[in-house]
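Enquirer: If you want the building blocks of each chain, they are given just below.
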Amino acid sequence: MTKESPTLLDVQDLHVSVEGKEILKGLTLAVKAGEVHAIMGPNGSGKSTLSFCLMGHPKYQVTSGRILYKGEDIMALSPDERAKKGIFLAFQYPTAIPGVTIINFLRAALRGVRGAEVPVKEFRQTVKAQLKALGVPDAFMNRYVNDGFSGGEKKRLEILQMAVLAPSLAVLDETDSGLDIDALKTVAAGINMQRSPSRGILLITHYQRLLNYIKPDFVHVMVDGRVVRSGGAELALELESKGYEGFRPAIEPVEAEKS
Amino acid sequence: MTTKPQVNINDDYEKLYGFHVEEKSVFKAEPGLDAEKVKQISGMKEEPAWMLKNRLRAFEHFERKPMPVWANTELLNSIKFDSIFYYLKSTEKKGETWEDVPSEIKETFDRLGIPEAERKFLAGVSAQYESETVYHSMREDLTKQGVIFLDMDTALKEQPEIVRRYFGTVIPSGDNKFAALNTSVWSGGSFIYVPKGVKVEMPLQAYFRINAKNMGQFERTLIIADEGAQVTYIEGCTAPTYSSDSLHSAVVELIAMPHAKIRYVTIQNWSKNVYNLVTKRAVAHEDATVEWLDGNLGSKLTMKYPGVYLMGRGARGEVLSVAFAGSDQHQDAGAKMIHAAPDTHSVITSKSISKGTGRTTYRGLVKVYPGAVNSKSTVRCDALLLNEESRSDTYPTMEIDEKRVQIGHEATVSKIGDEQLFYAMSRGLKEVEAMNMIVNGFIEPFVKELPLEYAVELNRLVQLEMEGAVG
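First to last, the sequence lines map onto chains A and B.
Numbering-wise (our numbering), the first sequence opens with residue 1 and increments by one.
Numbering-wise (our numbering), the second sequence opens with residue 260 and increments by one.
All clues stand as given, with none of them false.
Capping the alpha-carbon separation at 20 Å, the derived lysine to any residue pairs in SDA-like fashion look like this:
#1 B:K559 with B:T332
#2 B:K689 with A:M75
#3 A:K85 with B:E690
#4 B:K707 with A:T101
Label-pair ranges, simulated between beta-carbon atoms:
#5 B:R719 with A:P119: 16 to 26 Å
#6 B:D369 with A:P119: 28 to 38 Å
#7 A:K132 with B:D652: 45 to 55 Å
To give an idea of the chain A side of the interface with chain B (calculated C-beta under 10 Å), a few residues:
#8 P79
#9 F91
#10 R114
In case anyone wonders, no lab produced these hints; they're calculated from the structure.
Even glycine gets a Cβ: it sits at the ideal position worked out from N, Cα and C.
Just chain B, same shape as in the assembly:
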């Protein structure tokens, strides 16, 4: 028998990200959730009454709403809500320099390369550890230009009016079961406001780290780009590998005012014991652009469908996503584009790779309301299967209630072709190099949109190795 080359995705996860340090907490709520726990969290944070009310209403929604009956019901129904820790505060201090951060937490972020990235190419960084932001910084010149970049808890204290005005307006608390859960127990996340006409050239980044077992992380992010403003936000996330499950359920709301542009980049790389059930949605006003670049490598089950509500004439929305599902992983991801104004334009490009028993699903919605004339939408889904038992499904939904539109949809499923392999090998590439090249070529449309440092990182995560010869 011959040696079999194999694509390895995230092969060195254990070494790079799967580690954990000793758990320390200044406050840790008992596992499980009830209304008292919600009050306790709000009380700890000394929140205004409206937010507590908001949380309690959301908790009712969470209790009342059934589990989704689609995606992966088997996995969804095995979430043990009673064993999850909904709030864990690791330190009293939030650092504005890394020296202020407790050493074991700083060490973790050092190993993840966050301070280094910050020095090299970021305009601001927020680092969340368990439930709270432990480090936060932004370059001074941006502060001078009026850019606000805070963790959400601080924003609620320092910018109460603007937070209250926009919080939950894009994703109402009853939107879905997990948005309701987030709204009831949210902690951490980012708040960004970019004033009129200000263009933030370098990205702002948030990094979310889970360290404890059975942890629930529920960050809440709200980004507002005022008229003509521009901002790029990058989020990354990882967790230790444990045998018991953790739950990450974020809510992210973006508001792009007329002529504004928001680019939101995610490199999701949770360990394989994390449920990643996230609601992300944007509103784009007249001539505004919102782009979601969504990379899903990790987690046990991801359900995430970033959306753009195109509310003003000429608004543009784009979702460019890439998903990798290794064995025992299910990436159920997609996009939603809602055309509610004339001359709006949306592009969805989804690339997925399934390996071993891994499963990828594209689930998407394009909706065009009556009167949204001259809307254009292009959807393209490409799936690459690496093994016989790998699986990929596509569920594109189109609801088009306006005739004067252009809608395109294209989907392909392919395996690494023998002819592609032979062609590359005939040029002197070893089989393993040829496969590597083909896979990296497949995700290139995504990678080339990433800042260089992330592109390198992503290419490194998708690697090949020779599996031992049998025979």
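Same shape as in the complex, but just chain A:
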């Protein structure tokens, strides 16, 4: 949070299209090491597009603007290359990979991001410690990745992966969605444990309630593919009372659902 903290992510006037339709329309955002940023916005505002785009999903075409990570243009990099550089995305809807155990998946992932084999003993210790912290039983590791998981289990697995892979920049896409209050608290505690002076976190969320448990340093309101306002944690509360409508005077109402 200090001025000397290096900028991890620097998104400049980003325009992104999906299948010919422009979703992000000039988004600008900077995240420094040690900071937690929340991006809030109604459905259809482009929040998930931003997260997929940062991770390098091939379906999302950057038409103009830049994404710099630690000062380097990463737009030509594949998702695995971005992961190696320390970027992590916790998915809103994690994908099942039947037949692949979490333990094997995690080992392959850690080998991938490190670019080297991880000693078995060290790997076990790392995983065990994180499982304990997240309150997940060891047997969880022998289940198949997201296969038949409840919403809460899926989100816990995302946080577990983040903890094991230890990225510099973590993008958490609607990590609170589909969770009951107890699961939300557990997941939020897991995320809080991952806060560190060397790590930047981008929380993407529809609702304010996650921010009751994770206090952001900055809040950005995103409407129709742009950041329309930025502020401190208090902005989230303002949003809670006003709703998104108050932030889009020039924009026709969309099908934003309210809880």
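With chain A held as given, fit chain B onto it using these hints.
Expert: Chain B in isolation, oriented as in the chain A frame:
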């Protein structure tokens, strides 16, 4: 353009299995088949009269029966029966130690890793080369317990009564054209009898190798597990790659007496010039269990539908199969479950992967006879297509003549999803590693049932490589 990762199944087949050694024979019948040839084979083997009669009757069935008009008729009708060698004996000796086996044959099995596997984890091994078994051994403690494990020709000589009693009772000679062919010219294969209550802990294995061109291999296997007995049998097979076709047509009969359990594992990895047309069937009596684990990687065309006749109350049958069809391969495989007694239970799980122009077909039958109350059957077929031109078809047949039953069927066809790939890649896996992981995950339900050594082998056969970049 980007580099395209590709799943490679059996990519190093040539190096590992596709080799051949010089053909040597002490007797080789002329190609083609007639009744004289059938008599000649039986005469060479000095068989009892009943077996010759049985062979000749089967030969009539073979001649009379039409080719199947389903599966892949184009390939079936291109089999050149007149160019096939129906009987080839490579050596006079059958070894009980590998030192007794002629050196070029021993070398072949060494390269295939059979003696090594035997030392490590097998209770008994039978190795067949062309038409005859060339090596056979079983651990002494099993002999002491009364377990009989012989090649079928020796069994006919040494255990004539039990062979005569059961031979052809599960699969009659006229069952289908290829069962009839096998019954008329059979040679080699395994005979196993496990006495009451004996549990054979380690697997018995047979390995079938074709070396000669245009060869026909027709082994015959009969396994009987007496009351409460248990046995696992594993068979593997490979052949050299030739431009002309070979024919493998086996008949396998299993009999599980009350409370017995038989597990039959196949890793079929014939070269792409082999027709693999096999009839496999089991009878499960009261509370008995029969499991077929059937892996089909090789061959030009495979037609194989292992079946279990659930004849006694509480009998269980399971078929768990995985098929890989690369370009120019058609795996037409499936299962048959016949519920003929109350409280019987069957599970069919079929996993198939098609690559390039490869084609997989699931063809299955679940039949429940009247009175087989409280029968349960679950069928699940999953197909994975790796390329646009890959093909997969499912033909599940259900004939349910009893109302008080539970029958389930589920089928899926999928491609490796972009979202699965993206998810795995976002965790740091290269595209090729991600695909590899997804494919291996798909076949995991099969692989995890295999003995470890075979699981490793199978995972190695299904690999990925980067195809050269274009552009």
